[in-house]
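J.: Chain residues, written in single-letter form:
Protein chains: 8
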Amino acid sequence: MLLRDRDRVVFTGDSVTDAGRARPVGQGLWDGVGNGFVRQVDNFLNVLYPEQKFYLMNTGVSGNTTRDLLARWQTDVLNLKPDILFVCIGFNDVWRQFDTPCVFDLHVPIEEYRENLIRMIGETKDKVRQMVFLTPYYMEPNKEDAMRKMMDSYGAVVKEVCKEYDLPCVDLQPAFDDYLQYRHSASLMWDRVHPGPIGSLLIARELLKFMGVDRPLF
Amino acid sequence: MLLRDRDRVVFTGDSVTDAGRARPVGQGLWDGVGNGFVRQVDNFLNVLYPEQKFYLMNTGVSGNTTRDLLARWQTDVLNLKPDILFVCIGFNDVWRQFDTPCVFDLHVPIEEYRENLIRMIGETKDKVRQMVFLTPYYMEPNKEDAMRKMMDSYGAVVKEVCKEYDLPCVDLQPAFDDYLQYRHSASLMWDRVHPGPIGSLLIARELLKFMGVDRPLF
Amino acid sequence: MLLRDRDRVVFTGDSVTDAGRARPVGQGLWDGVGNGFVRQVDNFLNVLYPEQKFYLMNTGVSGNTTRDLLARWQTDVLNLKPDILFVCIGFNDVWRQFDTPCVFDLHVPIEEYRENLIRMIGETKDKVRQMVFLTPYYMEPNKEDAMRKMMDSYGAVVKEVCKEYDLPCVDLQPAFDDYLQYRHSASLMWDRVHPGPIGSLLIARELLKFMGVDRPLF
Amino acid sequence: MLLRDRDRVVFTGDSVTDAGRARPVGQGLWDGVGNGFVRQVDNFLNVLYPEQKFYLMNTGVSGNTTRDLLARWQTDVLNLKPDILFVCIGFNDVWRQFDTPCVFDLHVPIEEYRENLIRMIGETKDKVRQMVFLTPYYMEPNKEDAMRKMMDSYGAVVKEVCKEYDLPCVDLQPAFDDYLQYRHSASLMWDRVHPGPIGSLLIARELLKFMGVDRPLF
Amino acid sequence: MLLRDRDRVVFTGDSVTDAGRARPVGQGLWDGVGNGFVRQVDNFLNVLYPEQKFYLMNTGVSGNTTRDLLARWQTDVLNLKPDILFVCIGFNDVWRQFDTPCVFDLHVPIEEYRENLIRMIGETKDKVRQMVFLTPYYMEPNKEDAMRKMMDSYGAVVKEVCKEYDLPCVDLQPAFDDYLQYRHSASLMWDRVHPGPIGSLLIARELLKFMGVDRPLF
Amino acid sequence: MLLRDRDRVVFTGDSVTDAGRARPVGQGLWDGVGNGFVRQVDNFLNVLYPEQKFYLMNTGVSGNTTRDLLARWQTDVLNLKPDILFVCIGFNDVWRQFDTPCVFDLHVPIEEYRENLIRMIGETKDKVRQMVFLTPYYMEPNKEDAMRKMMDSYGAVVKEVCKEYDLPCVDLQPAFDDYLQYRHSASLMWDRVHPGPIGSLLIARELLKFMGVDRPLF
Amino acid sequence: MLLRDRDRVVFTGDSVTDAGRARPVGQGLWDGVGNGFVRQVDNFLNVLYPEQKFYLMNTGVSGNTTRDLLARWQTDVLNLKPDILFVCIGFNDVWRQFDTPCVFDLHVPIEEYRENLIRMIGETKDKVRQMVFLTPYYMEPNKEDAMRKMMDSYGAVVKEVCKEYDLPCVDLQPAFDDYLQYRHSASLMWDRVHPGPIGSLLIARELLKFMGVDRPLF
Amino acid sequence: MLLRDRDRVVFTGDSVTDAGRARPVGQGLWDGVGNGFVRQVDNFLNVLYPEQKFYLMNTGVSGNTTRDLLARWQTDVLNLKPDILFVCIGFNDVWRQFDTPCVFDLHVPIEEYRENLIRMIGETKDKVRQMVFLTPYYMEPNKEDAMRKMMDSYGAVVKEVCKEYDLPCVDLQPAFDDYLQYRHSASLMWDRVHPGPIGSLLIARELLKFMGVDRPLF
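First to last, the protein sequences are chains A, B, C, D, E, F, G and H.
Quick note: the first sequence uses our numbering, first residue 43, plus one each step.
Quick note: the second sequence uses our numbering, first residue 43, plus one each step.
Quick note: the third sequence uses our numbering, first residue 43, plus one each step.
Quick note: the fourth sequence uses our numbering, first residue 43, plus one each step.
Quick note: the fifth sequence uses our numbering, first residue 43, plus one each step.
Quick note: the sixth sequence uses our numbering, first residue 43, plus one each step.
Quick note: the seventh sequence uses our numbering, first residue 43, plus one each step.
Quick note: the eighth sequence uses our numbering, first residue 43, plus one each step.
No lab work stands behind these hints, which were simulated from the structure alone.
None of the hints are false.
Not close to chain C: a few residues of chain G, all C-beta gaps over 10 Å, as computed:
1. L44
2. R46
3. L112
4. D118
5. R156
6. T166
7. V199
8. L222
9. Q223
Derived DSBU-like pairs (lysine-lysine); straight-line CA-CA distance at most 30 Å:
10. K251/F to K251/E
11. K185/D to K185/E
12. K169/D to K95/D
13. K185/B to K95/D
14. K169/A to K205/A
15. K185/H to K191/C
16. K201/F to K185/F
17. K185/E to K191/D
18. K191/F to K191/G
19. K185/B to K185/A
20. K185/H to K185/C
21. K95/B to K123/B
22. K95/D to K251/B
23. K95/F to K191/D
24. K251/C to K251/A
25. K191/E to K185/D
Okay, the calculated beta carbon distance ranges per label pair:
26. R109/D to Y207/F: 37 to 43 Å
27. K123/B to R161/E: 24 to 30 Å
28. R161/E to P66/G: 42 to 48 Å
29. G62/A to K167/H: 44 to 50 Å
30. P210/A to S195/C: 48 to 54 Å
31. S195/C to D73/G: 28 to 34 Å
32. R161/E to R65/G: 39 to 45 Å
33. Q223/A to K167/C: 36 to 42 Å
34. K123/B to K251/D: 36 to 42 Å
35. G105/B to G62/A: 21 to 27 Å
Just so it is clear, CB atoms sit at the ideal spot from N, CA and C, and this is done for glycine as well.
Based on the provided sequences and hints, a complete structural model is requested.
T.: Right, dumping it as structure tokens:
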């Protein structure tokens, strides 16, 4: 099991992570970590390991690209002194190129995306026990879709960079691809990005598997 | 040109038509007809034919299926005594089968869809100068997508029924398919159904062509 | 596994069940069933059995006692034609005797409670494939607490009545008692009644075990 | 056609331009540019030239006079590095002299108006490929009306200054005068200044003609 | 002086009269009669004749035409048992023909306007000590303006009908015409119909003169 | 007549003056000066002298004592460069001693009140054409009432100081005393301080008389 | 002590009683009875007699006169089956004659007031163990004030009627007169009617004395 | 009696003290001190000692621990120059360890708690006539409850420190323990911490006894 009693565990990223989390960080009961996948992970850990205490913090900010996240890295990541850090970022780097194709200033090209990830690693790796990346995904089963294609290529960058810097990486796309064999993406979320409660459970499941959870829920 | 001076022109359907239109019908200046494609048609007609007066009314209701629309047909269509009637319905008949696949009570199967259309025609055809159907569309370029496929089949029903009852039908899907060759559907609307202002302009353009507008905008 | 493909599954009760569910019943995507234990059950079923469709409905109403629930039984239970029915009621029958001890009109004594349950069964048992009761609980580990004591006695009535009428009963109190060995009830909810997301997960886990779920989550 | 692929196109001015545009600039999908004439221009360009990308930005601020606009020129115009710049300002310079005739501090006399325009040109002309002025207008067909008269004289200043500095100028008053031959100004907007959707279409039509759009809408 | 101690004085009409008056009628202190000309008349009477009590009631309803007012005549006029009745109606009968020229259902042609007035008189004249009409006006000094022209003709109908039925009539248009020689209508109200506080004072002044007020304010 | 064409006329004080005036000063049409006595003065001047322009400004701030007003004197009085200045202050200096008798920090004793007035005069007298004080009043006819007594003594200070510095002073108490011979103070305002519309008219009447208005209203 | 364990105790009247009480009656914890004197009485009884249960209900309605209260007597008094009934009514019967002296329809003359009280007694006396009246009061120490005078005369009616029908009556005016020897009425409430928390304590103290409370608070 | 005429009496702490008090301190009538126990103390003192004036101030801030209170000690305590100071703090120091057991950063261990109290005393003792501590309490009658146990130990620290520094201490826990022999804590407040109006009365009673109030309420 990756987590140890009294670990400080930070999740950061964009709206997929944020999900209405409290500001400032740490405020509130279980709503402090928002109502997305971080809350679900928190719920599972509380229920499965009630005798241990994992201090989960969520500093996702809706709409963030890697460019935005990097700008608040010191405040919203390093200052929180995480033992374990999960980073899930890149959706908006890609999405803005498709939903606002003319607003060039909001687009983060793949080269800059790679550099931003590398800078995050450089500033952090030695200061935490474990840094983990989650790939961005697109809840679109058609791999020929232009945005799906680009999301796949950005996800590939995450995997390459993680390999290069010897960091673990949780690939979220396959979990969605499996689910979309049975249900249409419209049942998860109309925009095919925000996971909703079902998609958040799919993510949480992947994270708990990654953590090596050794107790069954039922 | 289909419309004549002082014609009463009713548009009815679901949220694609509704688009925030006033209640009761006819309230307000230009906002009475909502801010969707009906408003755009209204704007164009005012600007191009300022010397004529076309009384456009919008009775779309968000979330409606053919089943819902039929239940209010007398009040929201016949009582308004239209000269020309545009009906754009079917999105939700299909959509609910994909976004809430377990909520069976909201699904309208294709046979019932066809019957509902035929009942609308039966109650109306002789009372208006022209009744026109618009096909539902899905802003999804992938024709293998399950919901696109079903939407195409429902659209086919509209075209068949119109043919059978000798009514004109405006097929909206091709206009979107053309546009989506250049832009991703995310730039129109994340849910691929509500047209947004650009999609509404695509619809309005089709309607004005159908009406036989004989003056250029620029 | 208790549920079968295309089953209609109704959950009814008070605020523990309600949890912000949509009105009228069935509205909305995943938020139609509220954000309490019914949503969590729904999420798990969707994720574990995506190839099947279970139509979950939630007609809990905050503040209800058995007296209130009985008054809307036809509309909110029988009319929905459930295959499976879960009833979780009794918290307020007890609670009002402690939080508003002088407001006698709101108190439901244990004899009336028993009769109300029996009337629910009488009107329903033959019309559904399976009717299931959940006991009310109190997130108070001290069994000498006066309200815990009374809640236990009401819970005992549920169990007795179920036995008498040969219905299954899910006893929720033990799940909370286990958890409260490790954590203080203040971490679930300050009022020790509303379960919050963690308590809802404890309930959902009991329900899934009861249903005989045969696939692991992780 | 004036615009080239990937051009940055800034529109600035007062409430006629603003029309509820997003703050900060560039936020949002199509609502980022407000719901006035800039949105309509944007819609037309997207529909007519989907294979090209024009980055339209709107920095109008309701209530602004030339005095106010000049004070934010660096931030809201130059910093955005426009290739093409449209300036539509002067309504409030005139209007305040008529609707609040005693609030002298808000009046911008015609000499100062001219100087303000010239200062805008001086700070900008060499930094953009094309700077364009739109004249203010008054949706009042009676040329003897005192405010119409003054608006005409301010509009004349725009035209003179543009001629002097060799800039193109789009005269908006004639488009409204034409329309008001058929319809009363009350049908556009009760205040005879804010164009509403129909007036915005009249403006958008003039701008598209000015740009040399070479494709018909229908 | 027209009013006598303890007279019941009813003002009815549209938004010019309504001006935010309380519902139901008679609620509130001085805000019961709205904040328009009725309030100003009330203020003047209180200050000038504090030893007498005039019971002023306001039943104006925004947006009303004569057609709407007639429909509520029993409830909102006769039931209040006025000694004196002031009726100010007709703005919307005319206005809708200009601001929503295509919404035919809202237009009240001049023949119907005349009939409506006559029906009001017929149902009322014998039941009140004095019934008084106020002409509708348009705060537009240009007598060639199409809406001003029509408003003048409707005002002429009021005067004719009053003459025919031997009722006094307060012509409000001249008071505005005088004022507009000095100030632009934009300083009263942008829509040239709602009088605002200054226009309300102009109306109140005419009414007080009509009543034969015999004490100076200063 | 005290005022001359194009005069800048500032009114300052507390909530009696403020009455919902716009912030920043000068914003809005007739609502810029609030809805109290300043608006009524403004209305009368507009109606009586439409050919002249008096620039009325209102910088009253609800709750202010002389201590508070002095602290913002530069910003809210001198910076506005008044030709004529009306100051109406002192209500709260007295009132707080009666409604919150234990909150000593809010009480302004009569000696400090006198000094504050003298400091206002010293900073201003030479910079304006005319500075005028209005006495505070209490809408309480019983001169033995403790708060009425103290208000009278504070009013006496205003009159003494004005005499000493050769400034005009408008005594408002008599106007209210006259009115209260006929009506109860409850009909003006329950708190016997805020004048409401009728009391504001009483004040406005005194001010217009003071100004030497030479035209009758009716 | 007047109250017995498990007594149903109803308080009814106007806003002095209402004080924001819950609707429908009996809802809520301690806020069900509002935040006025009824809540204070409830607090004292709970603290002093925690071993007994008194069911206090509040059906005051803001703005009520005896005329209004009589109209809802069956629903809001008799249906609640009180053992003990407290009625505090008459403020508005008097107040409307002073704050809205011209709105005759809202005035309840003293003869009607007496009759209304007698009718309340007639419908109730035999159905409750004890009916008690509280006199209306006016927080105005000047007995020559016109409204105080009239309130005194209405209070005298209450006392006379109670004597005649052999009912106890709690005279509230003396408690306020005592307090106002030391503090100005402005410190209780600006309108001299609503008691505020301090005045509510004065009332509650009188009621507890009347009830014969036999335990000291401190 | 501890308090003397014109004493400045400051209450500070967390939400138990705050209870919706005004900001900035001293604003408002009786609502300036919130609606909790400070208001009740204020009410009693006003009613019992109307001839004296005690200036009560409330600077409680919801959610504060000793750590937070210490950080604003200069501003919110010393600057107010209290004669008498009441400090009621520690609830949140304990509570966060139970309701958010994993959010370590919010926990204040007992050693730090002691030090914080000592620092408060050191900065204050010589500057006030009397500094008084109130112990935190928990409305939980079960002394074996983990949070009750810890609260008792923190309360013991308050008592020890007060003894050491020769300060009086009001122990609030016994008053609640007495009450909870008769009523369940749910009738005070569901969270067992915020006292609600009944619990506030229990606290106020202790404080008035402590002050040596020498007049009975009834």
